[in-house]
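Student: For the protein sequence lines, the chains are A and B, in the order given.
If you count by full-length UniProt numbering, then the first sequence holds residues 1 to 140, one letter each, in order.
If you count by full-length UniProt numbering, then the second sequence holds residues 1 to 398, one letter each, in order.
There could be a bad hint or two in this list.
Stated by the list, open to error - Calculated cross-link-like contacts (lysine-lysine; reagent style BS3-like; alpha-carbon spacing at most 30 Å):
hint	chain 1	residue 1	chain 2	residue 2
1	B	K358	A	K85
2	A	K71	B	K90
3	B	K143	B	K248
4	B	K90	B	K380
5	B	K166	B	K143
6	B	K248	B	K166
7	B	K298	B	K143
8	A	K84	B	K90
9	A	K75	A	K121
10	B	K143	B	K167
11	B	K143	B	K291
12	B	K283	A	K83
13	A	K84	A	K117
14	B	K291	B	K380
15	B	K283	B	K248
16	A	K75	B	K322
17	A	K83	B	K248
18	B	K291	A	K117
19	A	K85	B	K291
20	B	K380	B	K298
21	B	K354	A	K76
22	B	K322	B	K354
23	B	K291	B	K248
24	B	K167	B	K90
25	B	K298	B	K322
26	B	K248	B	K167
27	A	K71	A	K121
28	B	K167	B	K283
29	A	K117	A	K75
30	B	K143	A	K85
The set of hints was computed from the structure by calculation and includes no laboratory data.
Quick caveat: nothing in here was measured; it's all calculated off a predicted structure.
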Amino acid sequence: MQIRVQCGCGESSCPEWAVVELQGVVQPQPSFAGDIRGLHIGRLCSTPSPSSSSKAGYTFTVGYHELAGTKVALKKPLLVLRKKKVNGGDQDPPTAAAAADVELEVIGVIRHKILFKDRPKALISKPPTKEKKTLQSSAT
Amino acid sequence: MDAEMEDAGTQAEIEWDGGGGGADVVLGLAGGAASVSLCYHQAFGPHDDLVLLEAADDLLPDILQGRVTIRGCPDEEAVLCTPSATYAMKFVGTSNSMFLIPPGEPSAPSLRPDNTNGDAVAAAIKLAPGSIELIQTAPRLDKLRNLLRERPYVLDEDLGDVFQNKKGLYTWQDLCELVQASDGEMSDGLNSLSAVEIDGFWRTVDFGSLNTILDMILHNSVLHDWPLNSLPENDVISVMESDGFTHKIVAHCLSIFGTKVDQEGRSFWSLDERHVCLQFARKALGAGNMKLGNFMDKWERNIPSGMRADLQMLEGEVLCEKLGAETWVHAFSVADLPLTPAERFAALFRERSKWEWKDLQPYIRDLRVPGVSSEGLLIKYTRRTQPSADAEPIFTAR
């Protein structure tokens, strides 16, 4: 079986995607559990860099947690590929391409990510016995 | 952080046009005091049809210009092929939350709760479970050899109705579908197998047929006084055609046993002593064991006059064994052995449990593994012992 990897965008105009990466998992508040589409996750801010040589800093505030991170250039770019199921076989004579019922297309490239790997800082101090470790989005 | 993500996939998937993420806003976020609200996209979901592929900068041009294919049968691990190299595809997972934000204008979101900050908005379409890494690998050419050996070309063969029964016959396209190798490596593989394309099918030529054709060329050379180092191509082909051999097969045979020389606009073929003598050696030995003396006699008697038989020529083709006072020889050709290192060494140690370097070297020098040297292969698959400082090192299985 052979699947050609297609790219409609060509080398110079492959759209760049953005990535925000954090360690751990984001949990919506239970009241939003049904459908999270469109739900606000958090606020991403760039911070002024203390000197020209240090990496651009960012904070990401999710609920009452603030994460600190940096923009990292990926050593190897990532390509975003989309699989498509295709109904082949209606070509006459059937070609090898028609026999493969999957197509792959490059729809984007990722060259950087904003990575948060430090421990989150709690913005609201809570009594020690009730310290929660989960991040909550759309907190009050 | 130990909570679980809600399963957004339980809702019906909303049509997604590939955009609406506002990636540019995030990518452009810099300096001080700028901020973006990150939300789940309206069409957020598992989107299993989206995969991330790690591609080093030297691969990007091939991929982005459509020169890359993924090859393999459903029961094989997929490989990615550029025009000249083959890469294994390995999925590497991540435990991090990797939010993928597509390009395009962020759609006017019905944010929950309302975004009153006046921030720009970006939307994540998916959480990536990981990405596919590419590791350069040797092309899987053993399969190519096995396929082509299913039905070698035989002189005067009658293929019957090819459309009814194509068993054992493979076109270039068929081979690209079945063999996990890049086009360039596939061509090299076909060359090493001395394969020839006849009527659209790639074939190896049966041993007996090759002997017949070679014998006929040599016989005609004597008859027509053609020097073996300068056979006139057109004459050879026209004489052989009148003897009933097809142009294509004769030309192919010349290319297996000789090298082409162009002189004053005409093509000549110089027969290679080693290739020709090797063919006669194989014929003389057959499948069994022979006493070395008998073999050398038989071999020398059969080779064309002017050529010289030398045991050195048969490195990697025959093995000699001393049994008592006699030395015996039998055929053992590297061309019949597996191409993957683990299987190659297994086959070698099945034949002999102990190898001296001078005997072993011709049987492993063709092994190619990206990123591994031949010393590396020896260390991985053999145990090296040396009885004393001036004795020959011996290699055994690990």
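Student: Which numbered conditions among the earlier hints are violated in the structure presented, ordered from lowest to highest?
Tutor: Of the numbered hints, 1, 7, 11, 12, 13, 14, 16, 17, 18, 19, 20, 21, 23 and 24 do not hold.
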